[in-house]
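> Spelled out from the first residue to the last, the chains are:
Protein chains: 2
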Amino acid sequence: MKSHLLGALLLASAAPALGQTSIATLPPPALVDPKVATLRDHALESDHYAWDIVEGLTTEVGQRLAGTEAEARARDWAVKTLTALGFSNVHVEPFDMPVWTRGAEGAEIVSPFPQKLVVAALGYSGSTGPEGVTGEIVHFDSVDALRAAPDSAVKGKIVFIDHDMMPAQDGSGYGQFGAPRRQGPTIASLKGALAIVIRSIGTDHHRNPHTGVQYFTDGAAPIPAGALTVPDSEQLVRILKRGKPVVMHLTLVSQKTAGGRSGNVVAEIPGRDPNAPVLLVGGHLDSWDQGTGAIDDGAGVAITTAAAKQIMDAGRPLRTIRVVWFGAEEPGGFGGTALAKAHAGDRYAIAGESDFGADRIWRFGTQLMKTDPATYRALEAALAPLGIVKNDKAEADGTDVDETIKAGAPWISLGQDGTRYFDIHHTPDDTLDKIDPVQLRQNVAAWTAALAIMSGGIEPEPKRRPRR
Amino acid sequence: MKSHLLGALLLASAAPALGQTSIATLPPPALVDPKVATLRDHALESDHYAWDIVEGLTTEVGQRLAGTEAEARARDWAVKTLTALGFSNVHVEPFDMPVWTRGAEGAEIVSPFPQKLVVAALGYSGSTGPEGVTGEIVHFDSVDALRAAPDSAVKGKIVFIDHDMMPAQDGSGYGQFGAPRRQGPTIASLKGALAIVIRSIGTDHHRNPHTGVQYFTDGAAPIPAGALTVPDSEQLVRILKRGKPVVMHLTLVSQKTAGGRSGNVVAEIPGRDPNAPVLLVGGHLDSWDQGTGAIDDGAGVAITTAAAKQIMDAGRPLRTIRVVWFGAEEPGGFGGTALAKAHAGDRYAIAGESDFGADRIWRFGTQLMKTDPATYRALEAALAPLGIVKNDKAEADGTDVDETIKAGAPWISLGQDGTRYFDIHHTPDDTLDKIDPVQLRQNVAAWTAALAIMSGGIEPEPKRRPRR
Numbered sequence: 053m054k055s056h057l058l059g060a061l062l063l064a065s066a067a068p069a070l071g072q073t074s075i076a077t078l079p080p081p082a083l084v085d086p087k088v089a090t091l092r093d094h095a096l097e098s099d100h101y102a103w104d105i106v107e108g109l110t111t112e113v114g115q116r117l118a119g120t121e122a123e124a125r126a127r128d129w130a131v132k133t134l135t136a137l138g139f140s141n142v143h144v145e146p147f148d149m150p151v152w153t154r155g156a157e158g159a160e161i162v163s164p165f166p167q168k169l170v171v172a173a174l175g176y177s178g179s180t181g182p183e184g185v186t187g188e189i190v191h192f193d194s195v196d197a198l199r200a201a202p203d204s205a206v207k208g209k210i211v212f213i214d215h216d217m218m219p220a221q222d223g224s225g226y227g228q229f230g231a232p233r234r235q236g237p238t239i240a241s242l243k244g245a246l247a248i249v250i251r252s253i254g255t256d257h258h259r260n261p262h263t264g265v266q267y268f269t270d271g272a273a274p275i276p277a278g279a280l281t282v283p284d285s286e287q288l289v290r291i292l293k294r295g296k297p298v299v300m301h302l303t304l305v306s307q308k309t310a311g312g313r314s315g316n317v318v319a320e321i322p323g324r325d326p327n328a329p330v331l332l333v334g335g336h337l338d339s340w341d342q343g344t345g346a347i348d349d350g351a352g353v354a355i356t357t358a359a360a361k362q363i364m365d366a367g368r369p370l371r372t373i374r375v376v377w378f379g380a381e382e383p384g385g386f387g388g389t390a391l392a393k394a395h396a397g398d399r400y401a402i403a404g405e406s407d408f409g410a411d412r413i414w415r416f417g418t419q420l421m422k423t424d425p426a427t428y429r430a431l432e433a434a435l436a437p438l439g440i441v442k443n444d445k446a447e448a449d450g451t452d453v454d455e456t457i458k459a460g461a462p463w464i465s466l467g468q469d470g471t472r473y474f475d476i477h478h479t480p481d482d483t484l485d486k487i488d489p490v491q492l493r494q495n496v497a498a499w500t501a502a503l504a505i506m507s508g509g510i511e512p513e514p515k516r517r518p519r520r
Numbered sequence: 053m054k055s056h057l058l059g060a061l062l063l064a065s066a067a068p069a070l071g072q073t074s075i076a077t078l079p080p081p082a083l084v085d086p087k088v089a090t091l092r093d094h095a096l097e098s099d100h101y102a103w104d105i106v107e108g109l110t111t112e113v114g115q116r117l118a119g120t121e122a123e124a125r126a127r128d129w130a131v132k133t134l135t136a137l138g139f140s141n142v143h144v145e146p147f148d149m150p151v152w153t154r155g156a157e158g159a160e161i162v163s164p165f166p167q168k169l170v171v172a173a174l175g176y177s178g179s180t181g182p183e184g185v186t187g188e189i190v191h192f193d194s195v196d197a198l199r200a201a202p203d204s205a206v207k208g209k210i211v212f213i214d215h216d217m218m219p220a221q222d223g224s225g226y227g228q229f230g231a232p233r234r235q236g237p238t239i240a241s242l243k244g245a246l247a248i249v250i251r252s253i254g255t256d257h258h259r260n261p262h263t264g265v266q267y268f269t270d271g272a273a274p275i276p277a278g279a280l281t282v283p284d285s286e287q288l289v290r291i292l293k294r295g296k297p298v299v300m301h302l303t304l305v306s307q308k309t310a311g312g313r314s315g316n317v318v319a320e321i322p323g324r325d326p327n328a329p330v331l332l333v334g335g336h337l338d339s340w341d342q343g344t345g346a347i348d349d350g351a352g353v354a355i356t357t358a359a360a361k362q363i364m365d366a367g368r369p370l371r372t373i374r375v376v377w378f379g380a381e382e383p384g385g386f387g388g389t390a391l392a393k394a395h396a397g398d399r400y401a402i403a404g405e406s407d408f409g410a411d412r413i414w415r416f417g418t419q420l421m422k423t424d425p426a427t428y429r430a431l432e433a434a435l436a437p438l439g440i441v442k443n444d445k446a447e448a449d450g451t452d453v454d455e456t457i458k459a460g461a462p463w464i465s466l467g468q469d470g471t472r473y474f475d476i477h478h479t480p481d482d483t484l485d486k487i488d489p490v491q492l493r494q495n496v497a498a499w500t501a502a503l504a505i506m507s508g509g510i511e512p513e514p515k516r517r518p519r520r
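Going down the list, the protein sequences come from chains A and B. Counting from 1, position 176 in the first sequence corresponds to residue 228 in the working numbering; the numbering is continuous, with no gaps. Counting from 1, position 74 in the second sequence corresponds to residue 126 in the working numbering; the numbering is continuous, with no gaps.
Next up, chain A with everything else stripped away, as it sits in the complex (with noise of 0.2 Å):
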């Protein structure tokens, strides 16, 4: 019948504008090994490593400012902790490092309308002496418009960059809306500024700044550069729109010495092969000064070196799995650099890292795509249960892995929903009850479960004989 036969163009002719594809043409289907499946659920459902880790890091060390004795502590509590729960190699590789410190801190609106404003110094920021500053005001709305701006508009000035960086799940915004932090202070400098203070890098509304890390580049004389928080600026900016000039007494006391010393934490559950390529995964162990770095990182480290011990918990898998708690990785990924300085020789099956908070991954990408797609297709159907789709577009992330990816090893990107992460980066507030106790468990489960499929296998440990 003709109703029939229209009905049948109708359902071919549809379907692929619906994106839908015939089943005939799929792709032989992917199957979740069970022991894969039994590890990632048993990880989702009860895995006490992460919480452990985070909570002791945080509370017995708390603060770990790269190149400090606080993080010389950090690293010891690492290899106790480490070496307690089985790993084995477990060593620091120690770097040397400038290091910086905060002072002091304050900013206060002289005129027109006295009143304090909260602030912190961004990483490597000059220092304004305990005295303090007093400039007025210049606004700029981007640093574009500030490198836009005639020096003479600037000079002996506080520059005062503003934007207005939106939460995205992606984490998107912070390339972006990161320059007025990451370019301002140098352009700032170059144009003869007295000092410079932006709006916090960040998505919140809370008198918290974000710190963070800046260069002066290009010969740039270091110069007193601070974070106001989001409340503060936008203050700041109606204080501006009354149309009257704004002086600001700043001060910013901080120090910047050489021959500082960090170093990379590093443990490893052998492989059965011990000439196969390595699974790499990490953090970092060092954090900003103002939080106890929770979320940044002691969430990351927290997560690869449970998902690491729930596969050493399974017996011992064919690839050694290397996890590293990076050094100093705040102040510009000297851990890194490190790591891949030393180990310039070693083959790596893969290389991975957690820094982006503790809240659920929800897309996952890896350059196994291209090499390797049967792992890649066994990943995708063991991470989809956990509400993790892929991301085909993907492309190699993570200041602590990257050197040694830009060495030859391939990546792979577990991404996290960052739609809260830039409310509580890099601020006071980063602290162990931002950490959201299920979803760090579906990190755990996550990493597990690729751990195992790029593992080559786990075997069961072989008995040992009781000592006579």
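Note that these hints are calculated values from the structure, not bench results. Each hint should be verified, as a subset may be incorrect.
Straight line, CA to CA, 20 Å or less: simulated EDC-like cross-link-like pairs of lysine to aspartate or glutamate [stated by the list, open to error]: (1) A:293 / B:107; (2) A:168 / B:485; (3) B:296 / A:107; (4) A:293 / B:112; (5) B:168 / B:188; (6) B:168 / A:485; (7) B:132 / B:104; (8) A:296 / B:104; (9) B:168 / A:107; (10) A:207 / A:196; (11) B:293 / A:112; (12) B:422 / B:432; (13) A:168 / B:112; (14) B:168 / A:121; (15) B:293 / A:107; (16) B:168 / A:157; (17) B:296 / A:112; (18) A:168 / B:121; (19) A:296 / B:112; (20) A:293 / B:104; (21) A:293 / B:485; (22) B:296 / A:104; (23) A:296 / B:107; (24) A:393 / A:449; (25) B:168 / A:112; (26) B:87 / B:432; (27) B:393 / B:454.
Let chain A serve as the given structure and place chain B on it in line with the hints.
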């Protein structure tokens, strides 16, 4: 038919069980005066006075600690603003008070896990001096547990009182869970404690401490008394749970001086009948010193003043509307006491204040329920379209109008949704961005409707003859 009869019986018997009254027995319908509805809806849709006041006060003055030069500037701002809005009889009624001010602050765990915590002194805290004090922490999970402890357990130590206040729409946790702040310092002092820190009386998880007032009573000598943030209190509990002695270095520099001065700012819309009892409304002008006092209580003076201004724009009320911006509420209701004393002979038709933030009003109560049921029903009818329910069990509340009510004024209470109030209350986070302009307008609309109903009727101003 039997089934019909059964149906009728079920209907008759089920109705009371569901709380449904027969329509025949309901009181006569209460209809909203169209003039009142028009004023209410105009405020709801387009009031800008409240936003302008709270934006202006928090921007151009900022914090307004009671008795300080900042509060004096706020009074100047208030007089200027109320005069410009067209209020009559704008003046300051000064009074004396002791002034407490905050100095340097800090808390540091010395052992077993060295780290800094975030603390703020409570009002009228004793001072540690700039060098601070060091002592072992003794932990109690309630103020009653502290009361029950032998002096020997407390003597020479730093008391820490924990609690677990939860958010509540009616703010009911503040009484019970506020006890550690109000009573803790005195009890600790009487038992010989070196100092006391409490978990902030707050429901948030940010690194912003909640200050607030306390007094040393019963002959207790002032000791340093501070509030740790909620995340820091939880951190301290985790550290204490490790079972090792915990030593804290505490610095709370603060100063109390006699001979301070504050004042109430009073403004009026003169009623057509100068002998009619007055409508008294307002909020408090002073704030704590760390935020800009947006929700506590810039919003309150803004809401009540905007509502009065909406009446003024419509014409002249029969009864005088008196708006008071009370001084020095936070340190103990000095302004409310001063007003009641200065106006001891005045007769009031109503007294009410707005001092619970700027979120939606969700219920109301008033003494008029008993003394003037017709007005009560008119209020009920006019407020219901704003989502406001009557609260037959309400009691008088409010520090500023308390003494006036005790002296005989009938009271009205328009209760705001306090679910998030104690996230922000008395913290550095009390800033303008916490106010939702839409909810602020709902507040103005409710107060406008209430004032219109209680005003005795608004008549258009007689047209003034142009001067020749």
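> Has the given pair, residue 168 (chain B) with residue 112 (chain A), been kept, meaning a C-alpha gap of at most 20 Å?
Given that 20 Å is the threshold and the Cα spacing comes to 12 Å, the pair holds.
> Can you confirm whether the C-alpha distance between residue 293 (chain A) and residue 112 (chain B) stays at or below 20 Å?
holds, 11 Å
> Taking only the CA atoms, is the gap from residue 296 (chain A) to residue 107 (chain B) under or equal to 20 Å?
holds, 17 Å
> Checking one constraint from the list: CA of residue 168 (chain B) to CA of residue 188 (chain B), max 20 Å. Satisfied?
Roughly 15 Å separates the two Cα atoms, so the pair holds.
> Between residue 422 (chain B) and residue 432 (chain B), is the straight-line Cα distance small enough, at 20 Å or below?
holds, 14 Å
> Below or equal to 20 Å on CA atoms is what counts here, so check residue 168 (chain B) against residue 107 (chain A).
Satisfied, since the Cα-Cα distance of roughly 17 Å is no more than 20 Å.
> Is the straight-line distance between the alpha-carbon of residue 293 (chain A) and that of residue 485 (chain B) 20 Å or less?
Holds, at about 16 Å.
> Given the proposed pairing of residue 393 (chain B) with residue 454 (chain B), does the C-alpha separation stay at or below 20 Å?
holds, 12 Å
> Please work out if residue 168 (chain A) and residue 121 (chain B) have their alpha carbons no farther apart than 20 Å.
It holds: about 14 Å lies between the C-alpha atoms, which stays within 20 Å.
> Checking one constraint from the list: CA of residue 296 (chain B) to CA of residue 107 (chain A), max 20 Å. Satisfied?
The given pair, whose Cα atoms are some 17 Å apart, holds under the 20 Å limit.
> Would the hint linking residue 168 (chain A) and residue 112 (chain B) be met if the CA-CA limit is 20 Å?
With a Cα-Cα distance of about 12 Å, the restraint between residue 168 (chain A) and residue 112 (chain B) holds, given a limit of 20 Å.
> Holds or violated: residue 296 (chain B) and residue 112 (chain A), Cα atoms, limit 20 Å.
The given pair, whose Cα atoms are some 12 Å apart, holds under the 20 Å limit.
The structure shown violates none of the earlier numbered hints.
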